[in-house]
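Protein chains in written order, with our numbering: chain U, 97 to 413; chain S, 97 to 413; chain C, 97 to 413.
Among the hints, erroneous ones may be present.
No copy labels: a pair is met if it fits in one copy or bridges any two.
Distance condition first, Cα-Cα at most 25 Å in a straight line; then the derived SDA-like pairs of lysine to any residue [stated by the list, open to error]:
1. LYS249 - ALA153
2. LYS110 - THR252
3. LYS368 - ASP216
4. LYS368 - GLU269
5. LYS350 - PRO338
6. LYS368 - ALA187
Please keep in mind that the hints were generated in silico from the structure rather than gathered at the bench.
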Amino acid sequence: MDTPVVLFRDGDGKARALVDRCPHRNAPLSLGRVNADGNLECGYHGWRFDGAGECAAVPGLLTGEANASARTAEHFATHESDGFVWIWGEANADPGGQRPFELPALEPNMVEVVFDYDLDCTMHAAIENALDVPHTAFLHRGIFRGGSKAPTKPITAERHDLEGGVEVQYLGEPVGMGPIQLGKKTNLTFDHWDRFFLPSVAQVEYRVDGWLRITNSILHLPMSAFRTRAWFVVRFWTKAPPSVVKPIVLARGKQILKQDAFMLKAQTENTKQFGGERYTSTDLDLLGNAIWRLLRLAEKGEVVDVDLPPRQVSFRV
Amino acid sequence: MDTPVVLFRDGDGKARALVDRCPHRNAPLSLGRVNADGNLECGYHGWRFDGAGECAAVPGLLTGEANASARTAEHFATHESDGFVWIWGEANADPGGQRPFELPALEPNMVEVVFDYDLDCTMHAAIENALDVPHTAFLHRGIFRGGSKAPTKPITAERHDLEGGVEVQYLGEPVGMGPIQLGKKTNLTFDHWDRFFLPSVAQVEYRVDGWLRITNSILHLPMSAFRTRAWFVVRFWTKAPPSVVKPIVLARGKQILKQDAFMLKAQTENTKQFGGERYTSTDLDLLGNAIWRLLRLAEKGEVVDVDLPPRQVSFRV
Amino acid sequence: MDTPVVLFRDGDGKARALVDRCPHRNAPLSLGRVNADGNLECGYHGWRFDGAGECAAVPGLLTGEANASARTAEHFATHESDGFVWIWGEANADPGGQRPFELPALEPNMVEVVFDYDLDCTMHAAIENALDVPHTAFLHRGIFRGGSKAPTKPITAERHDLEGGVEVQYLGEPVGMGPIQLGKKTNLTFDHWDRFFLPSVAQVEYRVDGWLRITNSILHLPMSAFRTRAWFVVRFWTKAPPSVVKPIVLARGKQILKQDAFMLKAQTENTKQFGGERYTSTDLDLLGNAIWRLLRLAEKGEVVDVDLPPRQVSFRV
Chain U
97 MDTPVVLFRD
107 GDGKARALVD
117 RCPHRNAPLS
127 LGRVNADGNL
137 ECGYHGWRFD
147 GAGECAAVPG
157 LLTGEANASA
167 RTAEHFATHE
177 SDGFVWIWGE
187 ANADPGGQRP
197 FELPALEPNM
207 VEVVFDYDLD
217 CTMHAAIENA
227 LDVPHTAFLH
237 RGIFRGGSKA
247 PTKPITAERH
257 DLEGGVEVQY
267 LGEPVGMGPI
277 QLGKKTNLTF
287 DHWDRFFLPS
297 VAQVEYRVDG
307 WLRITNSILH
317 LPMSAFRTRA
327 WFVVRFWTKA
337 PPSVVKPIVL
347 ARGKQILKQD
357 AFMLKAQTEN
367 TKQFGGERYT
377 STDLDLLGNA
387 IWRLLRLAEK
397 GEVVDVDLPP
407 RQVSFRV
Chain S
97 MDTPVVLFRD
107 GDGKARALVD
117 RCPHRNAPLS
127 LGRVNADGNL
137 ECGYHGWRFD
147 GAGECAAVPG
157 LLTGEANASA
167 RTAEHFATHE
177 SDGFVWIWGE
187 ANADPGGQRP
197 FELPALEPNM
207 VEVVFDYDLD
217 CTMHAAIENA
227 LDVPHTAFLH
237 RGIFRGGSKA
247 PTKPITAERH
257 DLEGGVEVQY
267 LGEPVGMGPI
277 QLGKKTNLTF
287 DHWDRFFLPS
297 VAQVEYRVDG
307 WLRITNSILH
317 LPMSAFRTRA
327 WFVVRFWTKA
337 PPSVVKPIVL
347 ARGKQILKQD
357 AFMLKAQTEN
367 TKQFGGERYT
377 STDLDLLGNA
387 IWRLLRLAEK
397 GEVVDVDLPP
407 RQVSFRV
Chain C
97 MDTPVVLFRD
107 GDGKARALVD
117 RCPHRNAPLS
127 LGRVNADGNL
137 ECGYHGWRFD
147 GAGECAAVPG
157 LLTGEANASA
167 RTAEHFATHE
177 SDGFVWIWGE
187 ANADPGGQRP
197 FELPALEPNM
207 VEVVFDYDLD
217 CTMHAAIENA
227 LDVPHTAFLH
237 RGIFRGGSKA
247 PTKPITAERH
257 DLEGGVEVQY
267 LGEPVGMGPI
277 QLGKKTNLTF
287 DHWDRFFLPS
297 VAQVEYRVDG
307 WLRITNSILH
317 LPMSAFRTRA
327 WFVVRFWTKA
337 PPSVVKPIVL
347 ARGKQILKQD
357 AFMLKAQTEN
367 TKQFGGERYT
377 STDLDLLGNA
387 IWRLLRLAEK
397 GEVVDVDLPP
407 RQVSFRV
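Throw the hints in and build the complete structure from the sequences for me.
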């Protein structure tokens, strides 16, 4: 959210995060270098900072204390897991025992695909888009849903409360993707869940017993009001060999994502042009408003213990 | 004026205009497509709108009314004539019996040239420039006026009130263009009128009995405060064959226009740099202030029944 | 400071400066031309202005006075010396007997190198950077200072008040540049002064008796809040022949300047990103705060008779 952060590893290899501005003359610390002692040295005048942002040295200075408090850079608490460095959103604060979101276990027979993508939209718009079913038949017509000559089928969606999140389960969704619609002929259905976890995780899970199990956990970083970075962590098992499935998942995923990114950018431009979002929703927008409400409460720092009423909706896909 | 509009033809072929924003998630409707039933389908979730902006369908939705009033897109009344679609400036409003500007008749022996050009300036600046005589000897030196070694001649300009507009008639203007100045030797003069019609039309008419009759009607669309699109509709008759005259009109017109566009853009940049227009005028600026006054009154929605006093001015060209 | 100025020579060859906006329709006068009579003619409608900004002619106008006061363009007093045109900062004002900064004399055996560079930073940041010693060991590591294996030596800096300025003298600075550090072995030292003169001049002087004498006077023009043009006027004498030294001075100077420009731009971007400068200083920042104070007083138009207390600081280079 418009606060540049510099990341580096200290002498112990621990990931560290400071506000990316030297307190001396406001140069970006990310233009500096990490010294042999694991401190971060500013590239302009060489001030050095430890992982907690304390000024360890002002080169050449013979008078005064190097670690005077005004020379301290703001720092963020960090937590590293699954190859991601999470930072606590509030500077100079201790998260206590709180831990960030945990990815679903990568079981021995599973395969992982990770990629990231920058989206020109609000974090809310990105998350709603990731978890929205109805748009897939139009924006991704013929690739994901839609494009089949078989008639659409009614399915049921149930919304449940989660701790710090919300989930929708879909019942009766025919198995298929784009033109290949096995389910409409065979009555084979997906087990399918869409989930949102605070502060910024969207998760889509599909299962077909004996054939497929796939979880796409999307970690979002709001870089500014209308710019969001998303990391897609896809973990899956299929009956088919991974060497065949992996490139398909990656190629298809990016193709769909490119269409989403195009539309989200157009949505953002319109939002700016018209001076703000003015949304109208129907029963099909099962998650959007719940995510909005959770994000706004979290933003205010309120304890999020929302009792979302369970809802059940029928629609056609 | 910063309101994007999507245009499409409905099932009857009638031109339709909606605000280019889907009420659902604010995607631009112009990224969608027109269905077989003549409704406009949003490219994001497939909502469909008729020509009056009413929501005809929300795909997949099994509950609730599709045409709930909150799902209605704003529309503009349209009128089509001479190959132009005019839209009424106020959304969801009925122009009653009011009709847009009518182009002068294209008589059987006349030829038409149409082109458009985007100008980086206010609509007022574009219209004043189109109807201004004195600048032609400097900005277009040697092309339009100026550049002749013959001395300039005094001419007389008379300003008259028009219904919803204003006109200046020039008397005694020697026939010529750039270096070719027949009038200064022969005393042959143009009949010449410059006219402005609300809301946005500039018109220049020249006649030389038995030789030439030309009307350039310029239709302006204010796309934003400092961006104006202009359509030039030139209808003319000359003694010389149209196949000779038409390419000259087009080439010379665009050459002059390019110089105007360059200067208007520089004027705009200066206006922004200095925080606004601060104009000084002389008797030579016969139309600029009158156009300004008419535009400001129209902007406020006032009935424009201005009695501009007739004026007569002499100057040299 | 965001006021475009047009410069031209009048009929007497005297440099003249007007605000670059025609009072008529606000076109930039710099797009016009100088007439045979030494007046500046606007390129749009041909209005002509003399060096004091008075309107000498409105072409074609047969009525009214050409030099009506509303038609006057604002002008700035000018002073030309050493190939520079200085303009007085206040429009339509007389500087009285006040003269701009004088460059140090170019003695017969001295050589001059002049170049200019546009910096994306405030004028204060540019001047502080030009006169700052400690950053040279980091930003210019191995080129200017730093990069030597010999240990740094403590030197002493003394700050003195100047009329309309401030000076720091360095004592005991070992002779060297980058990896070539003669001084650390030989105890040969520079005579070195850094100076600031209102309104916008930074000056660096080095001397080594019998070997070297160099003055770099940097004249700054604040083009806007975060854009500063700097003219470097380097006048020097060395024992080595000028044909050898001159290309080295130029190449090395521009190499260092490029690094400074890169860091100053990064500093500016951070300043904007974080909503303003928030600086912390130590005893090493001997000039920055004094320059800041002098600039702020001058900005308010106060008579600058600041009694900066003399200061003495030791540090290592």
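Please flag the earlier hints that this structure goes against, numbers listed from lowest up. 2 and 4
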